[in-house]
Amino acid sequence: MDEIFRGMTFGSIYSLLAVGLVLTYKTSGIFNLAYGAQAFVSAAVYYEMRKVHELPIPVAFTIAVLIAAPLLGLLLDRLLFRHLRSAPAVARLVTTLGLLVAIPEITKLFFAVNTSYQPPGVVPDGSSAYNPFGNVFLNRDDIATIVITIAVVLAIMAMFRYSPLGLRMRAVVESNRMTELAGVDADRVSTIAAVMSSMLAGLAGVLISPVLPQLNDLYYRNLVVAAIAAAVFAGLSSIPLAFIGGLLLGILSQVLATLLPDGSVFKASLGPSLPFVALFVVLIVMNARGGTREVADPLAGVDPPPPPLVSVERTDSLTWATRSFGVIFVLGLCYWLLFHADEQIWFPPAQEAAIYAVIFLSITVITGMGGLISLSQATFAGIGALATAQLATDAGLGVLFAAVVGAAIAAAVGALLAVPALRLAGIFLSLATLAFGLFFDSVMVKYTWVSGGDGIQPHATPRPTIGPIDFANEKAFLLLCIVILALVGTAVIFIRSGTTGRYLDAIRGSQTAASSIGISSARSRVVVFALSAGIAGLGGGLFAMYQERANFVGNFKVELGLVWVVVVVTLGARTVEGAIQAAIGFVFFQRFALRVWIPWAVNHAQPWVDVKPITGGVATVLFGLGALTYARHPEGILEFNKRKSLAAIQRRIDRRKQSPPDEGAVVVGEVGA
Amino acid sequence: MSLLQADGVTKKFSGITALDAVSLDVDDGEIVGLIGPNGAGKTTFFNCLLGMLKPDSGSVTFDGVDLARVPTHRRARLGIGRTFQRIELFTGMSPREHFLVADRAHTRRGSLLFDIFGFGRPHADEQARAAAVLDILGLTPVADRQVESLSLGIGRLVEVGRALMTNPRLLLLDEPSSGLDRKETEALAMTLREVQRQSGTAILLVEHDVDFVRSLVTRAFVLDFGTLIASGRTDDVFADAAVRKAYLGDIV
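Going down the list, the sequences are from chains A and B. The first sequence begins at 1 in the working numbering and counts up one residue at a time. The second sequence begins at 1 in the working numbering and counts up one residue at a time.
Note that these hints are calculated values from the structure, not bench results. Given the structure is predicted, the values throughout are model-derived calculations rather than measurements. Ideal placement from N, C-alpha and C gives every residue a C-beta, glycine not left out.
The following label-pair restraints were derived from C-beta to C-beta distances: (1) ASN167/B - ARG78/A: 53 to 63 Å; (2) LEU181/A - ASN167/B: 45 to 55 Å; (3) PRO37/B - ARG78/A: 44 to 54 Å; (4) SER14/B - ALA648/A: 57 to 67 Å; (5) LEU79/A - ARG108/B: 41 to 51 Å; (6) SER151/B - MET178/A: 25 to 35 Å; (7) PHE119/B - TRP320/A: 20 to 30 Å; (8) LEU181/A - PRO37/B: 29 to 39 Å; (9) ARG188/A - ASP7/B: 50 to 60 Å.
So, partial list: chain B residues that the calculated Cβ filter (under 7 Å) puts toward chain A: (10) THR72; (11) ILE116; (12) ARG121; (13) THR166.
Assemble the whole structure, with the sequences as input and the hints as a guide.
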């Protein structure tokens, strides 16, 4: 009995969040991964008002839930969601990913949340307990949470069923565009829904905070993972089912926690892993029951297909010119780097960039070629790093060989993950990979056979040697990284133009037609997952060599992987040079632009403010915000600029054809092919 | 023994019987028509043949192999090609690329390892085969345009070509003439006869354009509301009173 009531507290929060998720998804087609971050914002505001400014409860509650949360919802809707509604599914996912990454970091810039212990609740003396029947103990916070949740969910259900606004919302759910044809302002309806769901997030965030030991965005992220499981349980469409799913999940976790024997491994890992396991299981089960179809707009076919790559469209001579320019530029850069650059300053970032480029190529493979968004690429890289470290140090294999084996292990894990997720489409697949990554982070990495330790203490990794060449020498290691990058990049280009790449293109074009000529999309998907995981694993192994230790927590947590996906997709996931430039940008932006260049420029421009080197979350915020451009340039910034410069060059050529040719004019194309 | 043999195929959609014990056979190298008014269950029957739907009862054998447990893509490898009523093309690819990828899928040459070392690009013999089919279908002038920019009629030809590239022993055509004008339909009929003469592929044709069917097929099966109401030589079938009633209503 006691467990059931206690489970209802958490269950209520899951329910509120799940209902909010379903509400946004139904009215705008956007699955808001940043939903937990929104809850976190309100919780932080409430904490600040109560603990720091010591305002009375009603005032603080009004500010946090009735003012801050709706404002945030309105802001997000006006600036982003509104423009995303007709954007491709990938754009919607990447944008909310960007928010997931950026919002907590922005919040932390304003509130000292990491020192905020014992957040207060919404009722006075929240922790005083009651004992209504038998051995059931409930405190006032729990009761408030449960009562408020039930009231709010009932109100929302009533609104959907009986009010004119509810009717319009249900129409928008059926087809955004058709509803507009019928004279309803779908944008306005979606805005209201966004504001409402933002308030729900704020309410949930404030209600749950007294139960949490500390205000920390990670708790909120885990809460929202459980809420996502409940939302998927409801097929992303039924509000009552989302409510029930959330409650069930909360109760289930409490009951399991009491039933399992104390001290068992299962129990130790249950608490942190349950949301992720639940999400994964619910995704697979719901899919088998056919409940995971994405909202399909009957008029969605109006969207034009993605344009072909610029390199396909331009003329042979222009392609030749840009390619030779690119080759000369890259060779020149390598020459300068290896023989003229200052080792201390340039070698570490160059090595890092080359290694990140290898890892990012795994995103090129799975997202650019396969059309799938995997959110566990960091986990695959981490598996490669951990395997390399253990095989090289404990099993005594050669380090390079160990990295290859590590890549193979990562590939095998990727293939294994792909098998249950075979039939998952779009957002559901991304959620499954997210669940897997979070599960690995919070549970698997603690096993000694996985991490070679406790998962926190990094495992030492030696640098490789080949014959007389010792790669402990930084220049030799840089060269090694560049060579491996070149090999992997070439392989990716070959794969794209070979059987695998064309099968994947065909499947993206029409899965039905692909199967009608004998292409197995299941097999192709397993292959692309394994390949991508393998490349990420190889990059992870290299990273361990670079740092001379496999630092999983520092480098391969899921959150970091989200940033990678965001950066690569923002710059261009379809081309190899997109991945390479994303890596260069990723490394140099953090190492130089924020730490040195920007402070230097600002400090030289004016004498009043002294800008310190910028570190930490700011870079993440900027990368996250960068993803927001994706809604406007779904092919990536690089392709967008290429198309622009191609058009400019074409215009110039056309003009020259009309007028007599002027000697010596040089056409400079952009780098790469 | 026939190439394709369907026995008592029944399919129900939540109470509605879409197909009621439909039996049909196609011999090697023969063109057979499956006709019937809209909603008769023709496309459902096709999907049952291809494994995109699972029949509730009845069996389908192809070349002596029971297809019950064979997934769709393996049926294609056994030698059943098909086109779609609502055309399903690979967006972003040109007709030539369609044919090349279909050829690869048929020969099953190449693998990931093959690709990694750069041996995955189209070979000369594959290019030649694709060029030959482009030529037969008269698609050479548009071979390298993206399919989205091509007309519906050309799109249907691309589908036929893509199916032919897998060298099928049986080609299932799902209303190839719908959306085409008279001239295009006639050209398509001619092309199909030519293809059939050259490759000896058996064709099962789902249509409701009577003239088009009569000009091509030797035997016909007629479906109405999920039941087979007539079968036999084309002329006999079209002379059948029940068929005329189902098809032409009370006009005759």
